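We have chain A already, so just place chain B on it with the hints.
Going down the list, the protein sequences come from chains A and B. Take 0 as the starting number for the first sequence in numbering that gives the first Met the number 0 and just add one per residue. Take 0 as the starting number for the second sequence in numbering that gives the first Met the number 0 and just add one per residue.
Don't read these hints as lab results, they were simulated from the structure. It should be emphasised that the depicted structure is a prediction, and the values quoted were computed from it without experimental measurement. Here a beta-carbon is modelled for each residue, glycine too, at the ideal position from N, C-alpha and C. Some clues are possibly wrong.
What the hints assert, rightly or not - Part of the chain A face toward chain B, derived, beta carbon under 10 Å:
| hint | residue |
| --- | --- |
| 1 | L77 |
| 2 | S123 |
| 3 | F133 |
| 4 | V232 |
To be verified - In silico contact screen, one side only, chain B against chain A (beta carbon under 10 Å); selected entries:
| hint | residue |
| --- | --- |
| 5 | E36 |
| 6 | G37 |
| 7 | V75 |
Stated by the list, open to error - Far from chain A, some chain B residues (derived; all Cβ distances over 10 Å):
| hint | residue |
| --- | --- |
| 8 | P115 |
| 9 | M162 |
| 10 | G192 |
| 11 | P226 |
Protein chains: 2
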Amino acid sequence: MLEGAHEGLVCGVGDDTAVFRSVAGGLWAYTADAVVEGVHFDPAYTPWHSLGYKSLAVNISDLASMGGSAPSFALVVLGLTGDTEVEAVEEVYRGMGDCGKEYGCSVVGGDIVRSPQHMFISVSLVGFIPGEDFLTRGAATPGQVVMVTGTLGDSYLGLQWLMDGRKDANVCAQRHLYPRPRLEEGRRAQELGAVAAIDVSDGLLRDLGHICEESGVGAEVFLEEVPISDEAVDTARELGEDTAAAALFGGEDYELVLVADEDKVPALRGKLGLAVIGRITEGEGVTVLDTSGQRVDMRRTGYEHFKEG
Amino acid sequence: MLEGAHEGLVCGVGDDTAVFRSVAGGLWAYTADAVVEGVHFDPAYTPWHSLGYKSLAVNISDLASMGGSAPSFALVVLGLTGDTEVEAVEEVYRGMGDCGKEYGCSVVGGDIVRSPQHMFISVSLVGFIPGEDFLTRGAATPGQVVMVTGTLGDSYLGLQWLMDGRKDANVCAQRHLYPRPRLEEGRRAQELGAVAAIDVSDGLLRDLGHICEESGVGAEVFLEEVPISDEAVDTARELGEDTAAAALFGGEDYELVLVADEDKVPALRGKLGLAVIGRITEGEGVTVLDTSGQRVDMRRTGYEHFKEG
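Looking at chain A on its own, in the form it has when it is part of the complex (with noise of 0.2 Å):
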């Protein structure tokens, strides 16, 4: 166990196995989430200790998108290639044990296999619901207020700064490499009335996507709605790119799409800083419009270079 125990654990058992005790009548949130060397991360341009954050950080995010909170639990299975060094396992530790102490969440064993040639970390988490009533994808409904935390787009941009080698400090890069994954908004969001969310992992399109496809309607998004942050105008001006396709399309923000009544929107706004960015609607899909209603062409917004993403 790396970290101090939090209310709950029992005890981990062996090196690959713990307990955890229920708290009477609760709900326990549980997700699973792999990354795996040169598909999802590149050592080049990936600290180890920010790769151990971070597969920690996406399924706490997980845990953020349905309403849940600390204390939470997490095991973990490394697969090690030949080459990889002692003190790089230690900083992927150090780096879950840094994430985990923020968020209250206690990585409670795992375990080491070997990999033919590529390194991967699968984490899976279990994480307190507390109440009876937690976010899913499935329960929005036409009418209802789509809004969002933080800013979208920071991630995709930082990304495309360390991949072009550039070693200066930029707060997008760190915004990829150190996710920040919003536990208390989405625990806060569903006690103020939120029913619908999702982590933005895939692309603010995508994701709302899900929701849709799980709750059988339709979204427009109003394009100039969408937060953007100083530093993605910045860093997007420097490398040549367009910030609203990277908030539409980027992913790995791990921001949340939230989903409520009208009603429950002032509240949402001023407690927790929401943006609304649109709104729920009959049919399927999501449809981005400009300021004036009407609908963007996708392939103006610079669509084309997120086919693979």
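Showing chain B alone in chain A's frame:
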């Protein structure tokens, strides 16, 4: 979700997460394990269905070694290469579903990621522990008795059979491909007074060695008492292998090694058919003794075969 919902499962959320309900005051066991193509399995002699079945079974075996029970919930991360055929993936899931049905485990979701060259399957499992007590590797004390379920060495000999390219039916090969986790036996053994347990994944001597390390004790194993099946004897003869070596060093039998006080032994033998194979001692490490109580020289039992095991 692959299987019908078991008691406690609230819903699958999205494609990689699930929610389950706590049983008031109960404990949950949490375990994870991964297998990698070319390291843990070879598609040349591993049917996809058995690969799926076994990937889940080894996690259920970990649950068994803690005295856990159904219901349990599993998440599966598949790392697939470009070559993996849809039919193969379907067979893997079908194998998992068949295993889950037998042992009360719902495969509640997971994720599919791309892996450049080698397939991997990473499974995590959360399973219920009734009551307040569970089995650990660290609870053995000197004077206690070491027991084992079933027979040992079958899986190793079955693997040799398969690697030898033999196509005819062989019970040991079947045991290698479709291990039977001892979920019922682990739970009942805990109720009947067993205190420490481990499942045989790395081989009897290594796994009993893990109990010794975690408990700060040593152990003696009575070579003649280690249970060996008739099928193992036949297969070993055919292949020119040593059954004793297979039973002591061969892995993946997924039988349970159980440790209990002497006065619990009659009930454990009578009700679960366990074989008494040794004793916990002061000191450290595992010693193998012959019928006259003499220490057996491991090099003479065929240890050389297993160095890489």
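* Numbers of the earlier hints that this structure fails to satisfy, in rising order -> Hints 4 and 8 not satisfied by this model.
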